[in-house]
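> The lines below spell out each chain.
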Amino acid sequence: MQCQESNKMLDAYVDNEIDVLQSVALEEHVAGCTECHQKLQSRQALRKSIQSAGLRYTAPPELVKDVRKALRIPEERSAGPRWAWFRNAAWGFAAATALFALVAVSLFFFLRTSAGDRLAQQSTDAYIRSMVAENRGIDVISSESHTVKPWFNGRLSFSPKVVDFADKGFSLAGGRVDYLDSQTAAVLVYKRNQHVIDVFIYPNAGRSGLSMHQERGYNIASWSKDGMQYWVVSDLNQGEMQQLAGLLRE
Amino acid sequence: MSFIIESSGRAQVDHQEKLEKFERLVLRHMDSAFNLARWFTRNQDDAKDLAQEAFLRAFKAFDRFEGDDGRVWLLTIVRNLYYTSVSRQPQEHMDFDEAIHSPEEPSGTPEALLLSNLDAQQVRQGIEELPPEFREPLILRELEGLSYKEIAAIMEVPLGTVMSRLARARDQLRHLLTAALRPRIVKKEGQNAVSGK
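Protein sequences, first through last, are from chains A and B.
Sequential numbering of the first sequence, starting at 1, is according to the working numbering.
Sequential numbering of the second sequence, starting at 1, is according to the working numbering.
None of the hints are false.
Here are the simulated SDA-like cross-link-like pairs (lysine to any residue), alpha carbons at most 25 Å apart as the crow flies:
hint, chain 1, residue 1, chain 2, residue 2
1, A, 48, B, 71
2, A, 191, A, 144
3, B, 48, A, 62
4, B, 18, B, 81
5, B, 48, A, 193
Rather than coming from a laboratory, the hints here were simulated on the basis of the structure.
Being a predicted model, the structure only gives us computed values, none of them experimental.
With the hints as constraints, model all of the structure from the sequences given.
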């Protein structure tokens, strides 16, 4: 590959928009060309500066409220069906019957599914719930592990390990406290591009290796180590999930 | 009587389903819509109005929406709304004085080091100074993490155009930002009008 071609592809390369063969060719050229190497470094430095500058605006709470109001969407999604339905006795009865059937069916499946599947479901539910909550379910917003870790003090009876992996492409966005497996759990929220990753951590004496699950299109990784149980939920692909799991397990 | 109850009940169920689907596919991208609107309008209140209007339009047109990527669709609406509401066309060309903005090649300190030590305010200002047709793909790529294909769909330009505009956007931003760090040199170059190319 020549400098001219390398120049032309540099942006597509840093944006991950060229195929593996082209990437390899470009990397080979850059390794032997000081000028292109410097250009690549500049590009990467510039991208890092842009992405770490916090330039993305987030919707103000009043916009969220106004849009919901204009579309007549209830504030909390978990509020479920509108109560107005139940003013009508017929619908109330139908809904009660349906609810009973639903409970019966879910109890049946609940008893059938293994603990692992159940926890994969629970963590996915918590993940989805956090996505529709304000602030994406992040109660302490910070990329500083020194801010996030102390925040858990007094909220939990244990102290989770908090590490930012921004240099590896997984930047710490904050944390919250959630409830999983009948106990309170620390949740570390990471971001990779626009993907959000929830890492649930709670004490568990057991010890198990990494296992991957899938639940409603989300990828889930779990393991226990050093007395802590980990559940990682995200819409990332499996490879990226394993990469993050590897970092967390180090 | 029972028919009336049933049909209004049915309509309500449909409406409820539509709301839930809208919430799941479109409404969750509130930040994306607002971010783009905010960079367009450069003003908090105008951005709120633009984003809200976009959501209302999106909801009205939601029956016609197919697919499962609400974000690209929503951002297209934000963009179209912006350009029609201010009755201006997306600018295809804007003069950018390369001579003024081109710094001398940094000597001594590697450029990468300069670029990685910029503060947020400098970067924001630099991006704001870019011509709109370069700023837009940069925002969509770096702040929204969209692929070239998605950006091409939103901006209604070919994929190759996205690639070349992004490259130019970053080149110009690099010039702007490294120039900002050396005001003395920029002044001198401005007088001499020497092209950096």
